[in-house]
Amino acid sequence: YLEYEKILSTFKFTNSDETDDWQMYTDSIYGFGFKYPSSWKCEIVKDQSPQEYVADRITRCIYNPDEILLGTTPSIEIHVLSKFFENTPSEWLKNSKKSNLIFGILIPSETNYTISRIEGLKVDYLEKNSIDSEVASVPAHTIVFIKDQFLFHIYTHDSAIQLQDDVIEKILSTFKFTN
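Its first residue numbered 1, the sequence shown is counted upward by one per residue in this note's numbering.
Since the hints were made in silico from the structure, they are not lab data. Errors might be hidden in some of the hints.
As the list claims (entries may be wrong) - With a cut-off of at most 25 Å between alpha-carbon atoms, the simulated BS3-like pairs for lysine-lysine come out as follows: (1) 170 with 83; (2) 94 with 83; (3) 46 with 83.
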């Protein structure tokens with residue numbers, strides 16, 4: 001019995017999560033938050049979309065903002081729209097493709113996606129690099145869902161060098177509504 005207690009005393013149980021030391025971004029106006037690593041920078045940016053799809057707010061998070069390499073820098077943008085005419089994420093995606101709101105070469109991959117217990121859709125595609133044709137197309141993802149009177153359009157841009165791709169999924173896994 002004493003030997004058993006000695007062995008048990010050497011066990012160390014941790015409840016540690018890889019995101020424990022990450023920073024927290026909170027949007028108190030639209031009621032959401034998420035965690036992100038300190039090597040990323042989050043800020044609110046102005047929307048440059050066509051008039052009919054202008055977001056009320058865009059939060060952009062970029063990996064290593066001091067060393068941005070066009071076409072290779074992972075990022076996440078969360079667009080919140082209060083003015084939209086579609087009733088479902090599927091209708092919004094269909095109309096946004098017509099308006100060239102989503103650029104790129106579509107990969108036939110539209111799947112159901114749940115974020116913070118809200119059902120939506122996720123589209124995976126390759127994004128063309130319009131700045132530098134020497135840089136390969138990179139994986140991008142669009143996630144769309146509706147909560148209350150707002151449409152959330154989360155756009156993720158992976159890296160061509162694939163250093164931070166798994167981090168994007170971890171960031172999305174921490175997305176929560178605060179209201």
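Tested hints:
1. 170 with 83: The hint is violated at about 29 Å.
2. 94 with 83: Given that 25 Å is the threshold and the Cα spacing comes to 16 Å, the pair holds.
3. 46 with 83: 16 Å, holds
When the structure is compared with the earlier hints, a violation turns up for hint 1 alone.
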